[in-house]
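Peer 1: Protein chains in written order, with the UniProt record's numbering: chain A, 1 to 502; chain B, 1 to 502.
Among the hints, a few may not be true.
Stated by the list, open to error - Result set (DSBU-like, lysine-lysine): computed pairs, CA atoms no more than 35 angstroms apart in a straight line:
1. K198/A x K392/A
2. K392/B x K412/A
3. K80/B x K198/A
4. K296/A x K496/B
5. K218/A x K300/A
6. K198/B x K331/B
Calculated from the structure, these hints are not laboratory results. The structure presented is a predicted model; accordingly, all values stated were derived computationally and were not measured.
There are 2 protein chains.
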Amino acid sequence: MELQRHSVAILCVLSCFLTLGMSYPDPRQREEFIKMEASMRIGGNVSLSPEEQQLDAHLSKLMLEEMAREDFLPALHFFKARPLIRSSPIYGLLQKMPKGAALHVHDFAMVDVEWLVRNVTYRPHCYICYTDDRSVRFYFSSGLPKPLSNCSTWTLLEQLRAKTVNVTDLDDSLMSYMTLWTLEDPELAYPSLTVVWKRFEQAFKATWGLVTYAPVFKDYFHEGLLQFYRDNILYVEVRALLPETYELDGSTHDTEWTMKTYQDTARQFVEENPDFFGARVIFTVNREIYPALLTKEVQKAMKLQVDFPETMAGFDLVGQEDTGRPLWEYKEALSLPAAQGSNLSYFFHAGETDLQGTKSDQNMLDALLFNTSRIGHGFALLRHPVAKMLSKMNAVPLEVCPISNQVLKLVKDLRNHPAAALMSEGHPLVISSDDPSMFGASGLSDDFYEAFVGFGGLSNHLGTLKELAMNSIRYSSLPPNLQEKAMALWQRKWNKFVTENL
Amino acid sequence: MELQRHSVAILCVLSCFLTLGMSYPDPRQREEFIKMEASMRIGGNVSLSPEEQQLDAHLSKLMLEEMAREDFLPALHFFKARPLIRSSPIYGLLQKMPKGAALHVHDFAMVDVEWLVRNVTYRPHCYICYTDDRSVRFYFSSGLPKPLSNCSTWTLLEQLRAKTVNVTDLDDSLMSYMTLWTLEDPELAYPSLTVVWKRFEQAFKATWGLVTYAPVFKDYFHEGLLQFYRDNILYVEVRALLPETYELDGSTHDTEWTMKTYQDTARQFVEENPDFFGARVIFTVNREIYPALLTKEVQKAMKLQVDFPETMAGFDLVGQEDTGRPLWEYKEALSLPAAQGSNLSYFFHAGETDLQGTKSDQNMLDALLFNTSRIGHGFALLRHPVAKMLSKMNAVPLEVCPISNQVLKLVKDLRNHPAAALMSEGHPLVISSDDPSMFGASGLSDDFYEAFVGFGGLSNHLGTLKELAMNSIRYSSLPPNLQEKAMALWQRKWNKFVTENL
Ligand SMILES: [Zn+2]
Ligand SMILES: [Zn+2]
Numbered sequence: 001m002e003l004q005r006h007s008v009a010i011l012c013v014l015s016c017f018l019t020l021g022m023s024y025p026d027p028r029q030r031e032e033f034i035k036m037e038a039s040m041r042i043g044g045n046v047s048l049s050p051e052e053q054q055l056d057a058h059l060s061k062l063m064l065e066e067m068a069r070e071d072f073l074p075a076l077h078f079f080k081a082r083p084l085i086r087s088s089p090i091y092g093l094l095q096k097m098p099k100g101a102a103l104h105v106h107d108f109a110m111v112d113v114e115w116l117v118r119n120v121t122y123r124p125h126c127y128i129c130y131t132d133d134r135s136v137r138f139y140f141s142s143g144l145p146k147p148l149s150n151c152s153t154w155t156l157l158e159q160l161r162a163k164t165v166n167v168t169d170l171d172d173s174l175m176s177y178m179t180l181w182t183l184e185d186p187e188l189a190y191p192s193l194t195v196v197w198k199r200f201e202q203a204f205k206a207t208w209g210l211v212t213y214a215p216v217f218k219d220y221f222h223e224g225l226l227q228f229y230r231d232n233i234l235y236v237e238v239r240a241l242l243p244e245t246y247e248l249d250g251s252t253h254d255t256e257w258t259m260k261t262y263q264d265t266a267r268q269f270v271e272e273n274p275d276f277f278g279a280r281v282i283f284t285v286n287r288e289i290y291p292a293l294l295t296k297e298v299q300k301a302m303k304l305q306v307d308f309p310e311t312m313a314g315f316d317l318v319g320q321e322d323t324g325r326p327l328w329e330y331k332e333a334l335s336l337p338a339a340q341g342s343n344l345s346y347f348f349h350a351g352e353t354d355l356q357g358t359k360s361d362q363n364m365l366d367a368l369l370f371n372t373s374r375i376g377h378g379f380a381l382l383r384h385p386v387a388k389m390l391s392k393m394n395a396v397p398l399e400v401c402p403i404s405n406q407v408l409k410l411v412k413d414l415r416n417h418p419a420a421a422l423m424s425e426g427h428p429l430v431i432s433s434d435d436p437s438m439f440g441a442s443g444l445s446d447d448f449y450e451a452f453v454g455f456g457g458l459s460n461h462l463g464t465l466k467e468l469a470m471n472s473i474r475y476s477s478l479p480p481n482l483q484e485k486a487m488a489l490w491q492r493k494w495n496k497f498v499t500e501n502l
Numbered sequence: 001m002e003l004q005r006h007s008v009a010i011l012c013v014l015s016c017f018l019t020l021g022m023s024y025p026d027p028r029q030r031e032e033f034i035k036m037e038a039s040m041r042i043g044g045n046v047s048l049s050p051e052e053q054q055l056d057a058h059l060s061k062l063m064l065e066e067m068a069r070e071d072f073l074p075a076l077h078f079f080k081a082r083p084l085i086r087s088s089p090i091y092g093l094l095q096k097m098p099k100g101a102a103l104h105v106h107d108f109a110m111v112d113v114e115w116l117v118r119n120v121t122y123r124p125h126c127y128i129c130y131t132d133d134r135s136v137r138f139y140f141s142s143g144l145p146k147p148l149s150n151c152s153t154w155t156l157l158e159q160l161r162a163k164t165v166n167v168t169d170l171d172d173s174l175m176s177y178m179t180l181w182t183l184e185d186p187e188l189a190y191p192s193l194t195v196v197w198k199r200f201e202q203a204f205k206a207t208w209g210l211v212t213y214a215p216v217f218k219d220y221f222h223e224g225l226l227q228f229y230r231d232n233i234l235y236v237e238v239r240a241l242l243p244e245t246y247e248l249d250g251s252t253h254d255t256e257w258t259m260k261t262y263q264d265t266a267r268q269f270v271e272e273n274p275d276f277f278g279a280r281v282i283f284t285v286n287r288e289i290y291p292a293l294l295t296k297e298v299q300k301a302m303k304l305q306v307d308f309p310e311t312m313a314g315f316d317l318v319g320q321e322d323t324g325r326p327l328w329e330y331k332e333a334l335s336l337p338a339a340q341g342s343n344l345s346y347f348f349h350a351g352e353t354d355l356q357g358t359k360s361d362q363n364m365l366d367a368l369l370f371n372t373s374r375i376g377h378g379f380a381l382l383r384h385p386v387a388k389m390l391s392k393m394n395a396v397p398l399e400v401c402p403i404s405n406q407v408l409k410l411v412k413d414l415r416n417h418p419a420a421a422l423m424s425e426g427h428p429l430v431i432s433s434d435d436p437s438m439f440g441a442s443g444l445s446d447d448f449y450e451a452f453v454g455f456g457g458l459s460n461h462l463g464t465l466k467e468l469a470m471n472s473i474r475y476s477s478l479p480p481n482l483q484e485k486a487m488a489l490w491q492r493k494w495n496k497f498v499t500e501n502l
């Protein structure tokens, strides 16, 4: 279907142009070309109701003002742009807008770190130690935890706070360990890709002891759903490591417990907020794992797919792509589900790189060959025309996370993000936020701002936003009957949003 | 031809993929896809002789080393990267390589400013004044020139130097007025697009009085050809304003004189250096001109085309695109040549913008509708799929100037320059340098470095370079018989280069 429409467009361009000859241009033909281009982009064929057209006219006035600024915000690093973005009228509108689903967010980067510090670290029995490489570790324990190598002795945070004169400063410093967000100049704080990824992994480790404490684990996910819900998102797919969680006495829970907790928490959240649609989980493994060991993980994923059909969405590999193993090294393990007739789906991170022609740069093609349902990032897709065609023809969408790509140093001025070109061609894609707590972003609104203003400027309009939101439901892992329900729920919210913002 | 090959590729991808089904990937099919992608990129179908293969193997080792650097050079601002680029073995090779033609360079930004200061400003009768906005103006005159508004009184440079203790410092400061090149942090020196363009125009004005002095005008062009020749370029197409030039006594020469001087100088240069092929001129007008006044300029261009068929290549509009008039406002004047049966060709600057959806963002489509022979920059082409298809199907190449786009703040990390994607698709393009003296670049070697390393990394190889060089002759304005001759000359130089660098 998609392909046919595209081919017709190609033929029409060709024949129209052939009639042009050497004469000067015909203004009607020019209009045709301009219309054709407008109709090709994401949202270009969305029809708008009279109310929507009215809102669209308002929005396009706001966009004109946004384009006239001397400091065009998506050209700035998000850390510098954030306060300006947050005060932009477009942001205000995007925040209220029902954005559909967040399809690419990671388990432990969903919740603002402020909540972790102000809520979680104030719970009893929370210990802290300071590592040699200027990070922290936390652990909840009824007694003194076992010493960690390369870490100071464990101190009860409650006691540390009692001895501290300026507790606010202490708490601020704790936050800074768990996020990349900083008021410093980001170019100086994170001068290279290696440095920023190292800090990124450190921040995950700092968070780890807090969020894998079983009672916090449950609350964290609940709080995460709440923060996304408040950002007007109705459904979330979480990339989750499904780690062992622990109790105060050091006893632990296995993967099934973790998965069940996700399922129960999501169900409970929907009960509390019936206009939220739910959450599913994509089980993820770090791409540093030895290929021989991945088989066990894939088997675990297939079992989870059988045991938790409601919540389990599929499988993925995570971690820095340039330094991790390429997908193709895992081909034996990744071929298992198809060979065994499992319906396990893949949602591979691929193409999160600027290093062209390397082995990891090949991951997008391999993800497609392994029949991935979506591609996480696909930042390098534009430089791979065959992979790009396969993605388009098979409607395998990219999960585009603009702020993540900028903070992790793939691109500076977001107008040059490849998604700007992909959106103009109507390539299947959704907007997501990857690790909002790491970047100081909230839910999807900041990323929607960058995408809406940065990836298209005046070429974007309400139809673009509408199709992006609908894409997020259309390309979710939900089965067709549930997609229909989610779409109906979104449509009701959308109509309300349009009416209330005229 | 081009189109057919492309369509076949599309069909093959589709059918190959349809046989894939739900099973795990077939390694042979994977290889097919990888090969197909490799063959689509620029140079992907160039066959290499055994000697070329040997050089290619060497080159790919050098590229591996270049990719392993912590500070990947095309990701840095050229002003910071230049010393590192110049000491890279890849640069050494690219300098020696016969690069074909430079198709996008401007009349008064061809020659290193050092030559202007050390040679031209030391000639007798050279006056200088300092403007209120911290620039300079020069003028050659037998007596004191007429005072300029907003400029100090004229001083004879000879006298100024006689009174100056540190003449080197003075000369360095004179150079700095005529180039954007600086040792300062470029982000601080040129914080915004507006600032950098203002400085750019100031530098042109500072140069103006030197290069429009008739004796210097001739020498400047000769020196420009020499610098390009030394950078192993065999043919140049100059965007030229064809200004009035003046003599010591204030008398002036008209456009015909200027054009004839270009022609004579080019002929003379070829006589002196028989392995240089020559130069042609693209007459340019600033896009600030009132539409009603453009008619006269287009008529002038048509007359030049008749009077100087050997040297006159065509017509173009120049200046900052975002703030200038869009092409479409000039449609009456630009339709004249076709209506009158003139064979005047167009070589429009278009798409040198990051502001999507604005009027000037439409210039690429309009340039194509006006049957442009090439597109200057086309930086925004990737965000305009219809214009992109027209450019591809009609083999209208882009003149890609990486350093110019970076210094003029369209893109920071050159890996995200749209040409990286276009090269991977085999889009017709050539590499050029726009205003090398403004950017501290020389000839084409710096831009070739950025393109070769930045636009493709390990995906690029000797075939890429070979096709880029051949493209520059193939897409020149030369008639077929001369193209053939130029190509034969280039091929001899190329063979010599390959043999000498094994
Ligand atoms: Zn991710
Ligand atoms: Zn130019």
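Peer 1: Which of the listed hints are not met by the structure?
Peer 2: 4
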